[in-house]
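Visitor: Taken in order, these protein sequences are the chains called A and B. By this note's numbering, the letter at position 200 of the first sequence is numbered 200, and the numbering carries on one by one without gaps. By this note's numbering, the letter at position 48 of the second sequence is numbered 48, and the numbering carries on one by one without gaps.
Rather than coming from a laboratory, the hints here were simulated on the basis of the structure. Keep in mind that the hints are not guaranteed to be accurate.
Repeated chains share a single entry, so a pair holds when one copy, or any two copies, can fit it.
[Claimed, not checked] Lysine-lysine pairs mimicking BS3-like chemistry, simulated, CA-CA at most 27 Å apart:
1) Lys128 x Lys52
2) Lys16 x Lys29
3) Lys13 x Lys29
4) Lys34 x Lys52
5) Lys52 x Lys16
6) Lys128 x Lys140
7) Lys29 x Lys140
8) Lys16 x Lys62
9) Lys128 x Lys97
Since we're looking at a predicted model, the values are computed, not measured.
There are 2 protein chains.
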Amino acid sequence: MTDETPNAEPPRKRRKDERPAEIIEAGLKEFAEKGFAATRLEDVAARAGVVKGTIYRYFADKDELFEAAIRSQVAPVFDHVEALVDAFPGSCEELLKAVFRRIYEQMFETDLNVLMRIIISEGGRHPKIAEYYYTQSISKGRALLTKIIARGVERGEFRAGPASDLPMIVLAPAIMAMVWTMTFDRFDPVAAERFMAAHIDLVFNGLRANAAH
Amino acid sequence: MTDETPNAEPPRKRRKDERPAEIIEAGLKEFAEKGFAATRLEDVAARAGVVKGTIYRYFADKDELFEAAIRSQVAPVFDHVEALVDAFPGSCEELLKAVFRRIYEQMFETDLNVLMRIIISEGGRHPKIAEYYYTQSISKGRALLTKIIARGVERGEFRAGPASDLPMIVLAPAIMAMVWTMTFDRFDPVAAERFMAAHIDLVFNGLRANAAH
DNA sequence: CAAAATAATGACCATAAAGTCATTTATCAT
DNA sequence: ATGATAAATGACTTTATGGTCATTATTTTG
Numbered sequence: 001m002t003d004e005t006p007n008a009e010p011p012r013k014r015r016k017d018e019r020p021a022e023i024i025e026a027g028l029k030e031f032a033e034k035g036f037a038a039t040r041l042e043d044v045a046a047r048a049g050v051v052k053g054t055i056y057r058y059f060a061d062k063d064e065l066f067e068a069a070i071r072s073q074v075a076p077v078f079d080h081v082e083a084l085v086d087a088f089p090g091s092c093e094e095l096l097k098a099v100f101r102r103i104y105e106q107m108f109e110t111d112l113n114v115l116m117r118i119i120i121s122e123g124g125r126h127p128k129i130a131e132y133y134y135t136q137s138i139s140k141g142r143a144l145l146t147k148i149i150a151r152g153v154e155r156g157e158f159r160a161g162p163a164s165d166l167p168m169i170v171l172a173p174a175i176m177a178m179v180w181t182m183t184f185d186r187f188d189p190v191a192a193e194r195f196m197a198a199h200i201d202l203v204f205n206g207l208r209a210n211a212a213h
Numbered sequence: 001m002t003d004e005t006p007n008a009e010p011p012r013k014r015r016k017d018e019r020p021a022e023i024i025e026a027g028l029k030e031f032a033e034k035g036f037a038a039t040r041l042e043d044v045a046a047r048a049g050v051v052k053g054t055i056y057r058y059f060a061d062k063d064e065l066f067e068a069a070i071r072s073q074v075a076p077v078f079d080h081v082e083a084l085v086d087a088f089p090g091s092c093e094e095l096l097k098a099v100f101r102r103i104y105e106q107m108f109e110t111d112l113n114v115l116m117r118i119i120i121s122e123g124g125r126h127p128k129i130a131e132y133y134y135t136q137s138i139s140k141g142r143a144l145l146t147k148i149i150a151r152g153v154e155r156g157e158f159r160a161g162p163a164s165d166l167p168m169i170v171l172a173p174a175i176m177a178m179v180w181t182m183t184f185d186r187f188d189p190v191a192a193e194r195f196m197a198a199h200i201d202l203v204f205n206g207l208r209a210n211a212a213h
């Protein structure tokens, strides 16, 4: 009856290569749930299946782990989209819709929401991280949107409005969806589908009824 | 030369009535800047011109101060607007614009941004606070928007679109403006004016050029 | 103008969590 | 097999800060 499983794994394993990624993943989730300051490295360790001391073999301190966690996730959000934009055969409206869909997909089906949650709630206090995310992702996204909208205007599909100068505003409802799920979803849940449908409708058509002029 | 100013105020003052408000104000700002977990009660005390122990005469613990700080700010955001809505003489479009203007004003000229900053970044981890804010502010705001949009649809000013079911989506660009100023404004500043102009244009007109359809 | 009442202080305690490091042990090279 | 290497451990130290409380000083009041 005493715990003596015969084929038990050795309690300790050396896995130099896998560890950092595992610790980063655990850290990312803890940081997203608790915030940077309230995250305990011991919890991160537990989640990664190691002991606190092990973290320090791979990361100098909490800040460095935090940075590494962010960096690990930033990469591919807009990359997929980038190819799409240049090669897209259809109308700019269809293209933009495809981009929106992609963003909602990533936001609700991958760890992007974890990253955004961290950026939104900690970005202000960690300029390094905010800047990194800005240069790696946001600025690219903005450039992409600028291009799509400019093309749409050129082709006569879109009006030449202030969105040409502030293109990220067409993503605002997606940001709101993120903030909403972070804070109020518990009391007033909104399905991603509904948000996306309303988003697309509003951004293309606006509220106003198509009156005479 | 030794510090013996003749008319110096007594170093200690008893101000039972003013203290709580001062501590709350100091707390609010510290919480907004550092976040709940990273805020040090000693800093709050210093900012309020008292000593840490004094805080505990008025608040049981850090959580209670936090709650008090939130509650102190929630009150009047939509109240001003509420009167406006019922009495407004003009079109629904003008009414909505007035509401938007009011929100941007409050967001950038009062402490509303401080509150929103806290709600956005800490709401997820403090359900009590999020729920309080939701019931006190958000739900009222939503009801108001619902009313305005329904009226607009009725009068033929607005299309009957998904925004009727998800009215807060028309505020999304304002939320985005808030998130933006919290995180990326440092690297890529956007004036509130520009944001608001783009917001209004997008929400009423949408992107699409008014083609024959 | 005492003397009681209590706001404010600052020194203190308790605890939690970051960070360190000598020891243990899995893995690798010979 | 055996010794060398270094990954992993866990017990330890340090520090920070939330929270307490006896003492001090300012009002109040009788």
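Visitor: Taking 27 Å as the upper bound on the Cα-Cα distance, should Lys52 and Lys16 be classified as within, between, both, or neither?
Guide: within (15 Å within a copy, 46 Å between copies)
Visitor: When no copy is specified for Lys128 and Lys52, does a C-alpha distance of 27 Å or less occur within a copy, between copies, both, or neither?
Guide: Close inside one copy (25 Å), not across copies (31 Å); limit 27 Å.
Visitor: My question is about Lys16 and Lys29: at a cut-off of 27 Å on alpha-carbon distance, are they close within one copy, between copies, both, or neither?
Guide: This pair counts as within: shortest intra-copy Cα distance 21 Å, inter-copy 44 Å.
Visitor: At most 27 Å between alpha carbons: which applies to Lys16 and Lys62, within, between, both or neither?
Guide: Classified as within: same-chain Cα gap 19 Å, cross-chain 41 Å, threshold 27 Å.
Visitor: First find the shortest C-alpha distance between Lys128 and Lys97 inside one copy, then the shortest across copies, and answer within, between, both or neither for a cut-off of 27 Å.
Guide: neither (32 Å within a copy, 37 Å between copies)
Visitor: Indicate which option fits the pair Lys128, Lys140 if close means a Cα-Cα distance not exceeding 27 Å: within, between, both or neither.
Guide: within (18 Å within a copy, 37 Å between copies)
Visitor: For Lys13 vs Lys29, is the C-alpha pair at or below 27 Å within one copy, between two copies, both, or neither?
Guide: within (23 Å within a copy, 47 Å between copies)
Visitor: If the cut is 27 Å between Cα atoms, do Lys34 and Lys52 qualify within a copy, between copies, both or neither?
Guide: Cα proximity of Lys34 and Lys52: in one copy and across copies (17 Å, 25 Å).
Visitor: Could you figure out if Lys29 and Lys140 sit no more than 27 Å apart (CA to CA) within one copy, between two copies, both or neither?
Guide: within (25 Å within a copy, 33 Å between copies)
The structure fails to meet hint 9 from the earlier list, while all remaining hints are met.
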